[in-house]
Every structure is written in structure tokens, then in C-alpha cells.
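So the sequence shown is numbered by my numbering: it starts at 23 and just counts up by one.
Hints are supplied without guarantee of correctness; some may be wrong.
[What the hints assert, rightly or not] Straight-line distance between alpha carbons at most 27 Å, and here's what the computed DSSO-like set of lysine-lysine pairs gives: (1) K157 / K295; (2) K387 / K106; (3) K387 / K295; (4) K440 / K106; (5) K106 / K362.
The hints are simulated quantities; they were obtained by calculation from the structure and are not laboratory data.
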Amino acid sequence: MGHYYAPYVSNSLALPASASIFAVLVIFLFPVIVAAESPTPKSCDATKEYIDKGASWWPLQHDFQTQTVLIPDGNEQRTLTIEKLSSHPAVFRVKHFLSPEECETLRRLAIEGELQEGYVDSDDGLGVGGTKKRKMGIFDANQDGRLAIFEIIRMMDDYFESHLDEADTLEMLSHMGLVLDDEGTVSIQAFVQSNTAAMRRYVTQLIDVNPSKRQRHSEMAWIRNESARRADAQDGGHRAATLDQIQARVAALTGLPAHLVHGGMEMQVVHYKEPDGDVVGGGHYTAHFDSLAISPTLPCCHITGHVPPCRPCRLATVLYSLSDTDDGGETAFPFAGGDKEPHTAATVEDWRYSSESRQGSYCQKDGPGLRIKPELGQAILWFNHQIQCQEVTEALPCNPLLGELDRSTLHAGCPVQKNTEVETTTTPWNAPGKWIANHWIEASNVPGDDEEHYRQMVRTFVKG
């Protein structure tokens, strides 16, 4: 059985000697991925030729169905199996990546961090008069001064984080005293002069009694190493050690360099509740991307310290299942296994506002794409962007930069169904429903950004 050694620490990324244990861990916690068949390593020249042809590079790029990975587990290592569930987009699963105790630690951290409602109520966001007209004009795709049904739905999605279908939208328009013309459109001028307060009342009441009409129905909390260390200092816990251990495993799984894996990561724990009483719809998140396309005018949020304006630059997602779910709650990739031609922004938008998408066909058993059932401790990995190689040297065959957004990674969290077998518990971190953690690895498309961000992080840690 051969070995696939994942990358690599740049020699230019020198760390202060005083970085102590942190620096040692960051540099040396690197993976050895044991493959069923070792790919033939590319020579420096071959790799350069590959990149010069405009190709992209990413870890786990070679073709396989299953292979094994050695991951750190305390002072030991253990072997886990990577399953490739889809080639387009590339989606991987590792069962038992987290232990039940680690899953509980993450759920407890979310409770300590105070779970917040994922949906944020909004006013109509339109303003008055000329402001209304200008804002509505943004959604007028062909700039004809009129809004079609799909353009109105898109506007509602943007302002209310709603997930309306055509029937909902027609009823909303009737509350506003608006009627579509023979072409199925309404003028922006008529919309501006209509009762938009009635529009707001209709949408907010609808999503209150029917959460399935929200883009997302969940509660969430951000997990940060600093908070975990402070809590450990108060009660002698081991939260931070758990987070460090998980991060080391992610390095082993992805094979990405230290300045990405340890320099730009964020974690969010999400709880999707079961349907409650007569309320329609369990916890869910409709089809979405985890990252945004590269913009020459917007820097990455992890580089700016999340000071706006900025954009999320989530190179990869590792999604952990922190609970079992017997019915519903699958992670769905609607485009998996479909056309291998790149999806454009326009084709994705057309699909997202189609009746197929609005009805959640991708969550149905015979629906399109891939659906992955939640299973306690499993990790699902995918790359939201292509990875472009910044430089090619013998020591560092690929120093990754954020590449183009891979729109085939559009994904959703399917609605959680009622599980009658689950007993009510008094411990909030064991509440029924689906618990997951999103672990995002961030990277910039600007050469040098991530290395400098990593150096600053190490300096801050040493000073602290």
C-alpha cells in the first residue's frame, strides 16, 4: 500500500522561535494519506506544464472510489476511509471522523455561545419614492421597467430571506392591489405606488406560520478558539484541545498548507429543529453556496478581519454531523452527477427560481442530484472553488490560491421531519433535530494575503 504525502510548508513562512508549542503543532501536524494506489507524483516541470495549460489543482484530485487517511487521535493515529460520493462536484465522506464525545463538545460550545435564530427579520428594505424605484430596478433583468414573477420572487428572497413560489407571489400582489398584465409583468412605477406595507405584512406573516417559506430555518452559534480557551481557563475543561485536534485532522484530510488550514478557518454549529406542533416545516436551508465568486473590488473577509465591505472566501467546506437524524435532514447537491459543463451564474439563477427548485425536488427520494443522510460523527468535504497554483517549486508543487467559484457545489439542508422515537431531553445540547457544524477553510485569491494573515495570527498568539 503506497502513501500519498499531502503538502507542504513554504520555507518563506518562517515563524518566531517564541511561538513555542503552537508553532510546532502548526508546522508538523501534517497528513499522510494512505491511498489504495499511489498516484504518480508530478515532477516540477510536469506540474508547471499542467498549470500553464490553465488547469486547476486540488487535493484528492486523482480518481478513486475509496482510500484511507491517517488522522491524529490524541497521542495516537487512526485510519479512516475516504469515500468519493460524487466526481462533479467532488464530494467526499469520512465516517467516524469525530467521536460522539467530540460531537457533544461542539454542541455544548454552541449552547455556551448562545444559539441565535438563523433567520433575521427585515423591513421591506425598499425605502420610499425614488429610492424604491432605484432598488427595484436592480431586479429588472432586462431593464424594461417591468418586473416579471421570477424577478419579484428574487426581490423578496433578497429583502426577506424568503422562499416564495409563484402562487405565494400572486397572492402577495393581490394584497397590494396589483394585477399582472397579459405578459405576466407589473410595472415598477405601479409597484412603487402600491401598498408595500401590505407586502411586508403578508410575507412576514407567511414565514411566521409556515417556516418552509424561509430560505433557512435554524439556530446557530459561532465557535472560536479564543472563547474555548477562556472557558477552559475558568473550569479546567478541554474544549480548546478538542478544537485543535479537529483542526489537525482537517489538515490530514484536505492536504492543504499550514497557512490555510490553521490561518483561515471558521466554524459554525447549527441546530435544525423538528417541526413544532401545527407549524409547517422543520429546520432546513434551501439551495445556496457557501462562498461567493471572486471580485476585484471586494477583499476576503478573513483578511479584513470581517470588516465590511468584504466577501466570504471559503475555499472548502467540511460539514460534520453532530447527531443522527432518522427522517429528513439530508445534505443535498442538486447538480451532482449532472452535466459536467461549468454552470454559469445565469443558469444557476434560472434553476433557483424554477418550480423544480422552489418545490425542493432535490430533497425528494427520486429527485435530482446527491443526498447524504446525517450520521453521527461523519464529515463531508467539498471544495467551493477551484484551486489555482500560485507558484511551482520543487519544495512546494502548489501554493494554492482561491480560484473560480464552482457552481456545481450548490447545496441544501433538507427539512428535518418529526422523529417520534426521540425522547424529550432536558439538556439543551441534546435537543432533538439535526445538529451540524460547518467548518470553512478560507483562502484569498491575492498572492501573499494568506501567508501574511498567518504570520499576524502567530504574532498575536505569541504576544497573548
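Here is what the structure says about each hint:
Between K157 and K295, the direct Cα distance comes to roughly 35 Å. Violation of the 27 Å bound is thereby established for this hinted pair. Distance hint between K387 and K106 is fulfilled; the C-alpha atoms sit about 20 Å from each other, no more than 27 Å. The straight-line distance between the Cα atoms of K387 and K295 is roughly 21 Å, inside the 27 Å bound, and the hint therefore holds. Between the alpha carbons of K440 and K106 the distance comes to roughly 30 Å, so the proposed pair goes past 27 Å and is violated.
In summary, the hint linking K106 to K362 is supported, as the alpha carbons are separated by about 17 Å, within the 27 Å threshold.
Of the numbered hints listed earlier, those contradicted by the structure are 1, 4.
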